[in-house]
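Asks: Okay, here's what each chain looks like letter by letter:
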Amino acid sequence: MTAELPPRTRGVIALLESNCTVCMICARECPDWCIHIESHTEVVETPGHARARAHNVLDRFAIDYGQCLYCGICVEVCPFDALHWAPEFGYPGTGSADGDGAVAELVHERDVLATWAAEVPPPPPLDAAAEPAPETTATRPVRGGSGTGGRPGALRGRT
Amino acid sequence: MQSYGGIWGVGGSPGASQAGPHVLAFRTVTVSTPAERGLRLDWGTTFRITVLDLGLACCGVEVMAAFDGRGADDLAALGIDPVRDGGEAHVLVVSGTVTDVMLPAVVATYEEMPEPRYVLSVGACSNTGGPYWDSYSVTKGIDQVLPVHVAVPGCPPRPEALLEGLVALHRMVSS
Amino acid sequence: MSAASAELAALVPDAVVKAAFGQSTAHVPLDRWSTTARFAHDDLGCLAFDWLGVEDAGRPGASGVRHAVLLHVLHPDTGNGLLLRTELAAGEVLPSVAGLWAGAAWHEREAAEMFGVELAGPTPHLLLPDTFAGHPLRKDFVLASRVVRPWPGSLEPGEDSTSSPSRRRTLPPGVPDPATWGPREGVDVTAAAETPSDEESQP
Chain A
1 MTAELPPRTR GVIALLESNC TVCMICAREC PDWCIHIESH TEVVETPGHA RARAHNVLDR
61 FAIDYGQCLY CGICVEVCPF DALHWAPEFG YPGTGSADGD GAVAELVHER DVLATWAAEV
121 PPPPPLDAAA EPAPETTATR PVRGGSGTGG RPGALRGRT
Chain B
1001 MQSYGGIWGV GGSPGASQAG PHVLAFRTVT VSTPAERGLR LDWGTTFRIT VLDLGLACCG
1061 VEVMAAFDGR GADDLAALGI DPVRDGGEAH VLVVSGTVTD VMLPAVVATY EEMPEPRYVL
1121 SVGACSNTGG PYWDSYSVTK GIDQVLPVHV AVPGCPPRPE ALLEGLVALH RMVSS
Chain C
2001 MSAASAELAA LVPDAVVKAA FGQSTAHVPL DRWSTTARFA HDDLGCLAFD WLGVEDAGRP
2061 GASGVRHAVL LHVLHPDTGN GLLLRTELAA GEVLPSVAGL WAGAAWHERE AAEMFGVELA
2121 GPTPHLLLPD TFAGHPLRKD FVLASRVVRP WPGSLEPGED STSSPSRRRT LPPGVPDPAT
2181 WGPREGVDVT AAAETPSDEE SQP
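Chains as they are written, first to last, in my numbering: chain A, 1 to 159; chain B, 1001 to 1175; chain C, 2001 to 2203.
Simulated from the structure, these hints should not be mistaken for laboratory data.
Nothing here was measured: the structure is a model prediction, and the numbers come from that model.
Any given hint could be a false lead.
Facing chain A, from chain B, some residues (calculated, C-beta under 8 Å) [said to hold, decoys possible]:
#, residue
1, Trp-1133
2, Ala-1151
3, Pro-1153
4, Met-1172
With a straight-line cut-off of 20 Å between C-alpha atoms, the simulated SDA-like cross-links for lysine to any residue are [to be verified]:
#, chain 1, residue 1, chain 2, residue 2
5, B, Lys-1140, C, Lys-2018
6, C, Lys-2139, C, Lys-2018
7, B, Lys-1140, A, Glu-105
8, B, Lys-1140, A, Pro-31
9, B, Lys-1140, C, Pro-2129
10, C, Lys-2018, C, Ala-2003
11, B, Lys-1140, C, Pro-2136
All C-beta atoms, glycine included, are put in the ideal place defined by N, C-alpha and C.
Whenever a hint applies, use it, and build me the whole structure from the sequences.
Replies: Right, here's the structure in full:
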């Protein structure tokens, strides 16, 4: 009997590597300590530009699904939307006939996490009955943003 | 194949004998072994596995849903036979948090299983200790004590994920 | 202050009733615990036992020294509750109230097992395995798993697990400072931070 999975079903977490800046927030916030990130810094010198820029290059990004409790904290906390939920659930780890390595197979490295990205569904549509977000109102106020104590901003009274 | 002439034997009923002086009724009885009769048993083709669910915690409810829920008619197609006794089961499904106090009971159930026996670990707690990995009373994964042949991830996994785990077990065993 | 607490305060002169967030707690000294429980049971009619719990009564930094025992009992007809509280120092014996409410016996045994509260009489293990040493819910009981397991978040962006840290690595939540607990207790951590190889091998 096939049933349709609801939107935002939590099955597996996919990694969009192009978005990851190796900020380490997901690894720090994970309550199970199941995200393993390793990286190194690379310095890029662009001729004709002012100074050399350093950026972090991802070496290893692994999620241990044997440990993962599917709470979604890493997905929520990522500031760059590099982690996404995908509804795929059929990925058991199998070991040898003697019973070795089944749980170890559940550690998904970055290549496997990238394959899950194909399973990520588009985000569900917003609720039609909800109030429009203040950011989408047509009138642009003279002063935007959140304002200060003395001067109200565009969102005052609406969030 | 046995051949005999009715209950009275070849000689016929008493008093109705047409033979001469009473001859000991000679009954030819042949027996043959089942194999000689052409019977062939192939235990490999009809793959029915007896499964015991050791439902220790939340994952146990998902296994119950898999075995008794709306997808339970799939079990016959998958050849899965849930049983309640460790002495009959070939597959042990460990579902739920394995606490240090409960560990001897899980091991005792495994020990009374007949060969060939397989262990399916369902859920994060049974795989590695899961969210309770730092607890003072939790065994960090049943694979510390028993051999685990298939590990199903999830917290808890869907019942369908558990059935996929059993499919993976079948693939592993029949290869 | 609830009516029941006021009545109790009248019966037990040593009781101090404190009210906070709509809940009244009657604080009694340990030597008045049994008599206060008897007053609550016999004179105030609180025949229904709700729960008996223990919490750490020390200020931050002094945890694991004093424990507070709380007892919540109910009047079966009105449903009004009475919350009693007493404090124990290490080594003081908690008198049992199981003679008045039989259900309290289990809660007292659990308190003895989890917090190390001393009870009169033998206290075999209730929930923990027989080989377990220590009292796990005390504030000074450290979760050893968190100390032993390396935290993936201790790495900084741009580091991998083989590099030695340029400064002392952050500890995960729940892990005490290695200078205050564990095999490196008492070792000067500032000196330790200058020797990265030692830092890597710390448990």
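Asks: Run every hint past the structure and note whether it holds.
Replies: Hints, one by one, checked against the model:
1. Trp-1133: holds (6 Å)
2. Ala-1151: For B/Ala-1151, the interface hint holds, since the closest Cβ of chain A sits about 4 Å away, which is under 8 Å.
3. Pro-1153: Since chain A brings a Cβ to about 4 Å from B/Pro-1153, closer than 8 Å, the hint holds.
4. Met-1172: Holds: closest Cβ of chain A sits about 5 Å from B/Met-1172, inside 8 Å.
5. B/Lys-1140 <-> C/Lys-2018: violated (44 Å)
6. C/Lys-2139 <-> C/Lys-2018: violated (25 Å)
7. B/Lys-1140 <-> A/Glu-105: Holds - the C-alpha atoms of A/Glu-105 and B/Lys-1140 are around 16 Å apart, at most 20 Å.
8. B/Lys-1140 <-> A/Pro-31: Distance ~15 Å between B/Lys-1140 and A/Pro-31 Cα, so the pair holds.
9. B/Lys-1140 <-> C/Pro-2129: Given that 20 Å is the threshold and the Cα spacing comes to 15 Å, the pair holds.
10. C/Lys-2018 <-> C/Ala-2003: With Cα atoms ~13 Å apart, C/Lys-2018 and C/Ala-2003 stay inside 20 Å; holds.
11. B/Lys-1140 <-> C/Pro-2136: Given pair B/Lys-1140, C/Pro-2136 holds - Cα atoms ~17 Å apart, limit 20 Å.
Hints 5, 6 from the list above are not met by this structure, while the remaining hints are.
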